[in-house]
Amino acid sequence: AQSVSQHNHHVILSEAASLELGCNYSYGGTVNLFWYVQYPGQHLQLLLKYFSGDPLVKGIKGFEAEFIKSKFSFNLRKPSVQWSDTAEYFCAVNTNAGKSTFGDGTTLTVKP
Amino acid sequence: KAGVTQTPRYLIKTRGQQVTLSCSPISGHRSVSWYQQTPGQGLQFLFEYFSETQRNKGNFPGRFSGRQFSNSRSEMNVSTLELGDSALYLCASSSDSDRYGYTFGSGTRLTVV
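Residue numbers (my numbering), protein chains in the order written: chain A, 1 to 112; chain B, 1001 to 1113.
Read the hints as simulated data drawn from the structure, not as lab findings.
One thing to keep in mind: the hints can contain errors.
[Claimed, not checked] Think about it this way: if two alpha-carbon atoms lie no more than 20 Å apart in a straight line, the pair counts; the simulated EDC-like pairs of lysine to aspartate or glutamate are:
hint, chain 1, residue 1, chain 2, residue 2
1, A, K58, A, E20
2, A, K78, A, E66
3, B, K1013, B, E1082
4, A, K99, B, E1052
5, B, K1057, B, E1075
6, A, K78, A, E20
7, A, K99, B, D1098
8, A, K58, A, E88
9, A, K58, A, D85
10, A, K99, B, D1096
11, A, K71, A, D54
12, A, K71, A, E20
13, A, K58, B, D1098
14, A, K99, B, E1075
15, A, K69, A, E20
Take these sequences, add in the hints, and give me the full structure.
Structure, rendered in structure tokens:
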């Protein structure tokens, strides 16, 4: 069975710092990869996705992620975080229709 | 377009009772997936329904069941509730054309006492 590992459970950054959240998955076949975000008091929403093609994908609010197939990784990045980026971030792998496997999530706290 | 609607938002049930949760997906989405979210276990996949058929199933006991109607609306049912069933239950709709990127509902917070 596939699994998803997010390396950091809680990350604390100051505004304008750069962000990188790690995500590794275990699955040998073709995958669809996603990052979701849950802002305080809001429901989960899709941040960005990778299906195929350019391994560097851009999402909403200045986020981007890079798919490295050889490392089974899909790390999330943002050059300069804002206080409003405080949220919980989930990496997910889809390998079978409407079934996705989620990582445990990373809580990001951005200090103003 | 309207989002994913889950009802009710909150439920308090007694151990041993049963509960039914409802989910209306985004118009045009035929796949509806259900997840259980808890602080200790994170997001755990329950099942997925597509065109009124269960297409994928997670590792939950048979007390957890679901169905989907012809209009793609879905319900999940939990019978003989246990204290450990207390969780946020999330519904997500998706489509093959979007490679199953989810649109989530706000969830139903179930508390079993």
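Here's how the hints hold up against the structure:
1. A:K58 x A:E20: OK: A:K58 and A:E20 at ~14 Å, within 20 Å.
2. A:K78 x A:E66: 11 Å, holds
3. B:K1013 x B:E1082: 10 Å, holds
4. A:K99 x B:E1052: Between A:K99 and B:E1052 the Cα gap is close to 16 Å, so the pair holds against 20 Å.
5. B:K1057 x B:E1075: 15 Å, holds
6. A:K78 x A:E20: 7 Å, holds
7. A:K99 x B:D1098: Since the Cα atoms of A:K99 and B:D1098 sit roughly 14 Å apart, the hinted pair holds (cutoff 20 Å).
8. A:K58 x A:E88: 19 Å, holds
9. A:K58 x A:D85: Status holds; Cα separation ~16 Å.
10. A:K99 x B:D1096: Measuring from Cα to Cα gives roughly 12 Å; hence the hint holds.
11. A:K71 x A:D54: 16 Å, holds
12. A:K71 x A:E20: It holds: about 16 Å lies between the C-alpha atoms, which stays within 20 Å.
13. A:K58 x B:D1098: 16 Å, holds
14. A:K99 x B:E1075: Given pair A:K99, B:E1075 holds - Cα atoms ~17 Å apart, limit 20 Å.
15. A:K69 x A:E20: The given pair, whose Cα atoms are some 18 Å apart, holds under the 20 Å limit.
The structure agrees with every numbered hint stated previously.
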